Amino acid sequence: MSQVVDVAIVGAGPAGTTLAAALASRGIEVLVLERAPAWQWRAGGVFTSPAAMRALERAGLEHEVLDAIARPIPAMRLETPGGAVARLTYGADRGGPSAVGLDRSRLDPELEALARDRGVAIRRGARVSAVKLDPNGVVTLGVREESIRARIVVGADGSGSVVARAAGVARSARLPPRIGLTWHVVDPRPAADAPDAAPDARLAVIRDGYVGLAPVPAGRLNIGIVLGPSWRAGLARDGAAVTTRRALAMVPTTADDPIAWTEAIPCERIAGAVPLGGRVARRAGPGWFLVGDAAGFLDPFTGEGLHRALVSTELATTAIQAALGRTDGRTDRATAAAAYDRAMRRRFASKDAVSLLVQSFLARPRLFEYAARRLADRPDLRATMGLVMGDLVPASRGLDPRFLAALLAP
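Residues in the sequence shown are numbered consecutively from 1, following our numbering.
Derived from the structure by calculation, the hints contain no laboratory data. Please read these numbers as outputs of a predicted model, since none were measured by experiment. Glycine is no exception: its CB is placed at the ideal position from the N, C-alpha and C atoms. Among the hints, a few may not be true.
Said to hold, decoys possible - So the derived label-pair ranges between C-beta atoms look like this:
1. 342 to 62: 27 to 37 angstroms
2. 271 to 58: 42 to 52 angstroms
3. 147 to 380: 11 to 21 angstroms
4. 27 to 377: 52 to 62 angstroms
5. 125 to 95: 20 to 30 angstroms
6. 165 to 42: 16 to 26 angstroms
7. 134 to 346: 41 to 51 angstroms
8. 330 to 373: 49 to 59 angstroms
9. 147 to 25: 26 to 36 angstroms
10. 39 to 379: 33 to 43 angstroms
Hey, can you work out the whole structure from these sequences and the hints?
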């Protein structure tokens, strides 16, 4: 490794390793620094749309790998406390590919292996304690007693990124503080791992929160729970196991899903994220970039996390090449960073607006119930909403006044 590495990436999650692999394939020297000594389950999403699968294919994962780590899911069933059910197919009912439940215990290591195969140096057990940014020169990262120097540093270390804090761009989330809890359980249903009889995923809205249930490979089911502020005191008093049982008890059994998930056998400990979500004032500046959740993450309700992270790495790859002078045109570091920030804003401004609109409905249970029943009764509107949530059509369609009028009309 040279005295000054081209790019240092903080975080070896999907965003960090995907970006590292893309940069290395273009002849850029990359060092990834990851605090965890080995891969471990962390609170994160597993349900994702076909758009994310296409992005993983573009990143370089082979079809055989993708088939092994992804569990096809025909639809997501959006369920309200009042009994409304809107089945969102993400275009699968119209001949397109289905959504999937991902095995993150295999996906994340595959992306890390892809980066290593392309020549990326990955140092695990390396916690970055400080980042000193120099707009006109070399970035310095503190790792234990060592200083690492890089021409560009990338924060791929999630909400609360050390790079975002060093740049002074970290901001609190727009939504009230929420708690994210997630883990896997054994799925006892006969069709739990049969592609020709795959069960739907479920997204059940409960009091001040919601519960997601998504089948994943190897006969397991991922449970993800997001809880609002009213649950905080009970969680602190009674712990995660008791709190999650209370939340799961609010999810009714159905003819299609008769399992009482409160009794399911856990496959690992419950992982949490508090607070859930975050935002940044900017996503890049001279000598630094943010990708993945570090670049801002609103809410997992729309299932946008992984696809958003992968798109950010594609946009960052182009901008970092320009910032390092590896493109035909002459672009200085500040111009390349500004171009990335604009591209991210253009790409996700409408989706963020849709997510905030959904959250405003969730905050008004009677309005959300009303809208969910309209989606359940109106197939065209339901199809459009599924495509918007799955990043398969421009999110602006969900903000079109004609769509909103049709959704809210009696």
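How the hints compare with the structure:
1. 342 to 62: 27 to 37 angstroms: Holds, at about 33 angstroms.
2. 271 to 58: 42 to 52 angstroms: Hint violated: Cβ distance 28 angstroms, outside 42 to 52 angstroms.
3. 147 to 380: 11 to 21 angstroms: 59 angstroms, violated
4. 27 to 377: 52 to 62 angstroms: 55 angstroms, holds
5. 125 to 95: 20 to 30 angstroms: At 47 angstroms between Cβs, range violated.
6. 165 to 42: 16 to 26 angstroms: 19 angstroms, holds
7. 134 to 346: 41 to 51 angstroms: 29 angstroms, violated
8. 330 to 373: 49 to 59 angstroms: 57 angstroms, holds
9. 147 to 25: 26 to 36 angstroms: Holds: the Cβ-Cβ distance is about 28 angstroms, inside 26 to 36 angstroms.
10. 39 to 379: 33 to 43 angstroms: Between residue 39 and residue 379, where Cβ atoms are some 42 angstroms apart, the hint holds.
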